[in-house]
Amino acid sequence: MYEVIAFYVFAALTIGMFSIVVMSKNALYAMSALAGGMIFISGFFFILDADFLGVVQITVYSGAIMALYAFGMMFFDTTRDVSEKMRSKKIAYTLSIASAVLLVVIFCAPFFSQKIEALYPVIENVGNVQMIGLVLFTKYLVPFELAAIMLLVAMIAGIVLASKKMDGEWEAIEDLEDAKEGR
Amino acid sequence: MGDMAIIIETLIKATIVLAVTAGMGAFATWIERKVLAFMQRRLGPMHVGPYGVLQLAADGIKLFTKEDIIPQNVVKPIFMIAPVVAATTAFVAMAAIPFFPEFTVFGYTIHPIVSDINVAVLYVMGVASVGVYGPLLAGMSSANKWSLLGAARAVVQMLSFEVVSGLSILAPIMMIGSLSLIDINDYQIGGISDWLIWKQPLAFLLFAMAGFMETNRSPFDTIEFEAEVVSGYATEYSGMRWGLFFVGEYANMITVSVLVSIIFMGGYNSLWFIPGALMMLLKVSFWIFLFLWVRAAWPHIRPDQLMWVCWKVLMPLAVVNILITGFVLI
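From first to last, the protein sequence lines are chains A and B. Position one of the first sequence corresponds to residue 0 (numbering that gives the first Met the number 0), numbered consecutively onward. Position one of the second sequence corresponds to residue 0 (numbering that gives the first Met the number 0), numbered consecutively onward.
In isolation and in its complexed conformation, chain A is listed as follows:
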């Protein structure tokens, strides 16, 4: 009973938030609504007793959208509306038809859900974190490790990019100091 109420509240909030993300022309509204929507999604995880995933949803997305805000700050005047240019209407039509089909598929999914079997059914008296750990380090070990390597590559690339710039800035500062001292 309470779960149903909670589900509908969170569902309405999430849909509302994400429609603001799509409809709004103000970058600040869109980003704030995105952050709100992501946090409301964690509500569904909490309703399903998947506490760990819910918390991870909050932590990961709050950090990720924070980075998005940083980009927004750099590229837009966030207090003004952004005027969008729509180059071709074909893309808009194709996307809207595709999303309509997707919606139909999602609404039809419950008809087939009785035939779905859980590969790793819930074990009684085992915590959420432990269960995720079990699946992650047995069945999904290879994708997990691959993701780790990908992140490592991205990190090294980031360090290389930033360190080049840092050397340059350092030299600029030294030049400035030299100039000050009249060398």
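Just so you know, these hints were derived from the structure itself, not from any lab. None of these values were measured; they are calculated from a predicted model. Every residue, glycine too, gets a C-beta built ideally from N, C-alpha and C. There are no misleading hints in this set.
Output of the computed footprint for chain B on chain A, the stretches with three or more beta carbons under 8 angstroms from beta carbons of chain B:
| # | stretch |
| --- | --- |
| 1 | 23-30 |
| 2 | 53-63 |
| 3 | 72-82 |
| 4 | 123-129 |
Listed next, with one range per pair, are the computed distances between beta-carbon atoms:
| # | chain 1 | residue 1 | chain 2 | residue 2 | range |
| --- | --- | --- | --- | --- | --- |
| 5 | B | V293 | A | V134 | 39 to 47 angstroms |
| 6 | A | F136 | B | K198 | 19 to 27 angstroms |
| 7 | A | K24 | B | A18 | 36 to 44 angstroms |
| 8 | B | V52 | A | M0 | 41 to 49 angstroms |
| 9 | A | S87 | B | L10 | 49 to 57 angstroms |
| 10 | A | L135 | B | W310 | 24 to 32 angstroms |
| 11 | B | W310 | A | V134 | 28 to 36 angstroms |
| 12 | A | A99 | B | T108 | 52 to 60 angstroms |
We have chain A already, so just place chain B on it with the hints.
Same frame as chain A, now just chain B:
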């Protein structure tokens, strides 16, 4: 019927937590002024009530009755909601914190925790970090250069301290094998020698520093430092909206104090003849005092120094700490 009882119990607990921490936060502002005055050989607030205690009430009345000014060019809804975000996240984070040991009233056992989820540490830290959205949204919607600078600093600071606090807390969690704050508390049940601070001194230090950054306390108060960015994100705010930021900051201070006390300093276990609840209050008071002491003692640092110390000193130390802990555990 059982459902109803749980809902009523939770509502009562939530109300008590909200009221008590908001009250404690308000009281902490007076304590802060008094302690700082004492350390700087001044008197602090003295005129309203005995030793200036009623200054608190006077400030409260002023904040509540002040005109709610919303400047002309701001993004109105975001500007209005930002302080609410700052205050609510600070209180929502407290939902998973066990404040005291359980006790019995009229034959009814009460667990002083609003919701006992088994990933409490992650939950509290995650929600508390969402609190950075308050300053961020405030700064970006204010249409003011100083506010924008404050918001930019908030992003930078958040991305830096999140890594340190997350990695530093990992080592103790590896030793305990649980993310529940109650399990962490029970792990340190055998007196002072069992406190995790002795087994994980480095993690304790790193987590405490990250806590100072998270609550924007000096020496890491870069986002609202008067000498550099006027008042940072809060430049355009006045009245109760500004007050909400303040309430959020003090609630966050209490959250961090409680978290450090539970994870590293034995939590609410009783010690010698001192009962657990009193122990907890003593530790939290000590931590609040430490926040003020540090503010009086240390100068504030620049944002680039903050990033430097986070990424080049604290993060490698945290990673090394995890590695050593892993080897010892194996």
